[in-house]
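Quick note, the sequences are listed as chains A and D, same order.
With my numbering, you'll find the first sequence wraps up at 115, consecutive numbering, no jumps.
With my numbering, you'll find the second sequence wraps up at 143, consecutive numbering, no jumps.
To be clear, the hints were calculated from the coordinates, so they are not data collected in a lab.
A few of these clues could be false.
Derived pair list, reagent style EDC-like, types lysine to aspartate or glutamate, alpha-carbon separation capped at 20 angstroms [what the hints assert, rightly or not]:
| hint | chain 1 | residue 1 | chain 2 | residue 2 |
| --- | --- | --- | --- | --- |
| 1 | A | Lys39 | A | Glu58 |
| 2 | D | Lys87 | A | Asp97 |
| 3 | A | Lys73 | A | Asp19 |
| 4 | A | Lys73 | A | Asp51 |
| 5 | D | Lys44 | D | Asp56 |
| 6 | A | Lys73 | A | Glu4 |
| 7 | A | Lys44 | A | Glu85 |
| 8 | A | Lys24 | A | Glu58 |
| 9 | A | Lys70 | A | Asp19 |
| 10 | A | Lys70 | A | Asp51 |
| 11 | A | Lys73 | A | Asp29 |
| 12 | A | Lys70 | A | Asp97 |
| 13 | A | Lys24 | A | Asp51 |
| 14 | D | Lys87 | A | Glu58 |
| 15 | D | Lys39 | A | Glu41 |
| 16 | A | Lys39 | D | Asp68 |
| 17 | A | Lys44 | D | Asp68 |
| 18 | A | Lys44 | D | Asp56 |
Listed below are the residues making up each chain.
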Amino acid sequence: GENVEQHPSTLSVQEGDSAVIKCTYSDSASNYFPWYKQELGKGPQLIIDIRSNVGEKKDQRIAVTLNKTAKHFSLHITETQPEDSAVYFCAASSDTGRRALTFGSGTRLQVQP
Amino acid sequence: NAGVTQTPKFQVLKTGQSMTLQCAQDMNHNSMYWYRQDPGMGLRLIYYSASEGTTDKGEVPNGYNVSRLNKREFSLRLESAAPSQTSVYFCASKSGRGTDTQYFGPGTRLTVL
Numbered sequence: 003g004e005n006v007e008q009h010p011s012t013l014s015v016q017e018g019d020s021a022v023i024k025c026t027y028s029d030s031a032s033n034y035f036p037w038y039k040q041e042l043g044k045g046p047q048l049i050i051d052i053r054s055n056v057g058e059k060k061d062q063r064i065a066v067t068l069n070k071t072a073k074h075f076s077l078h079i080t081e082t083q084p085e086d087s088a089v090y091f092c093a094a095s096s097d098t099g100r101r102a103l104t105f106g107s108g109t110r111l112q113v114q115p
Numbered sequence: 031n032a033g034v035t036q037t038p039k040f041q042v043l044k045t046g047q048s049m050t051l052q053c054a055q056d057m058n059h060n061s062m063y064w065y066r067q068d069p070g071m072g073l074r075l076i077y078y079s080a081s082e083g084t085t086d087k088g089e090v091p092n093g094y095n096v097s098r099l100n101k102r103e104f105s106l107r108l109e110s111a112a113p114s115q116t117s118v119y120f121c122a123s124k125s126g127r128g129t130d131t132q133y134f135g136p137g138t139r140l141t142v143l
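Could you put together the complete structure from these sequences and hints?
As structure tokens, this is what we get:
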């Protein structure tokens with residue numbers, strides 16, 4: 003089955019700096035890669051996603067890049083703000099089998115004001 | 031439009047007790063999922079239902095049963111709770127019609143003593 007590894011487990015940045023979180027996946031059949039943000043006491047919320055036919059996608063201060071050959075994808079947050087502080091999860095799924103998400107272990111991002 | 035709702039929010043059980051976690055979605059989604067979240071391990075799939083009337087095992091199904099009662103509702107049952115089932119449980123749903131986005135509920139925090 004799919005295995006998704008996520009690094010780092012914790013990340014502390016100063017307000018206004020950029021933050022980068024990286025994930026690798028094992029199943030070459032995976033073709034959908036979402037990123038979720040989870041605030042304390044709440045369920046994960048989708049912030050951006052990318053399909054394997056696209057190398058990069060941006061949405062305001064958030065971007066995701068995908069390298070299919072190397073089987074890794076990254077989340078980039080620019081001009082970080084204190085409200086970006088949360089736990090971020092990457093995930094992967096394919097169009098075959100369960101079509102369910104396999105999640106990384108999460109990154110706790112702390113933006114220092 | 032409430033999205034995905036879960037009840038209860040919190041529950042404390044004694045070892046051996048049984049209980050059912052309820053999940054409902056009002057988005058007319060075909061697919062529904064149950065995940066558990068443990069510290070440092072991300073979310074792991076327990077069971078899923080690709081459509082009304084079907085259920086399948088995920089990564090960690092042992093000790094759980096599910097019922098897809100109708101298109102809206104997907105319940106998770108613990109027949110004989112064990113301390114290892116202490117976790118936060120999330121329900122999610124997905125349209126299944128040309129989109130991969132999963133929407134998560136707020137979670138149920140379960141403690142088994």
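Tested hints:
1. Taken as a hint, the A:Lys39 and A:Glu58 pair is honoured in the structure, with Cα atoms around 19 angstroms apart against an allowance of 20 angstroms.
2. This hinted pair checks out: D:Lys87 and A:Asp97 have alpha carbons roughly 17 angstroms apart, not beyond 20 angstroms.
3. Between the alpha carbons of A:Lys73 and A:Asp19 the distance comes to roughly 27 angstroms, so the proposed pair goes past 20 angstroms and is violated.
4. Only pairs whose Cα atoms come within 20 angstroms are accepted, and A:Lys73 paired with A:Asp51 is accepted, the gap being roughly 15 angstroms.
5. Under the criterion of a C-alpha separation no larger than 20 angstroms, the hint pairing D:Lys44 with D:Asp56 is inconsistent with the structure, at around 32 angstroms.
6. Distance check on the hinted pair: A:Lys73 and A:Glu4 sit about 12 angstroms apart at the alpha-carbon level, within 20 angstroms; holds.
7. Simply put, A:Lys44 and A:Glu85 have alpha-carbon atoms about 14 angstroms apart, close enough for the 20 angstroms limit, and the pair holds.
8. Of the supplied pair hints, the one linking A:Lys24 and A:Glu58 holds, its CA atoms being roughly 14 angstroms apart against a limit of 20 angstroms.
9. For the suggested pair A:Lys70 and A:Asp19, the alpha carbons sit about 27 angstroms apart, so the restraint of at most 20 angstroms is broken.
10. Taking the CA atoms of A:Lys70 and A:Asp51, the gap is near 15 angstroms; set against the 20 angstroms cutoff, the hint holds.
11. A threshold of 20 angstroms between alpha carbons decides the hint, and for A:Lys73 with A:Asp29 the separation of about 8 angstroms falls inside it, so the pair holds.
12. Straight-line distance between C-alpha atoms of A:Lys70 and A:Asp97 comes to about 16 angstroms, which keeps the hinted pair within the 20 angstroms bound.
13. Taken as a hint, the A:Lys24 and A:Asp51 pair is honoured in the structure, with Cα atoms around 14 angstroms apart against an allowance of 20 angstroms.
14. Straight-line distance between C-alpha atoms of D:Lys87 and A:Glu58 comes to about 33 angstroms, which puts the hinted pair past the 20 angstroms bound.
15. As the CA atoms of D:Lys39 and A:Glu41 are separated by approximately 16 angstroms, the hinted pair is consistent with the 20 angstroms bound.
16. Only pairs whose Cα atoms come within 20 angstroms are accepted, and A:Lys39 paired with D:Asp68 is accepted, the gap being roughly 16 angstroms.
17. With a C-alpha separation of about 14 angstroms, the suggested pair A:Lys44 and D:Asp68 falls inside the 20 angstroms cut-off, and the hint holds.
18. Distance hint between A:Lys44 and D:Asp56 is fulfilled; the C-alpha atoms sit about 19 angstroms from each other, no more than 20 angstroms.
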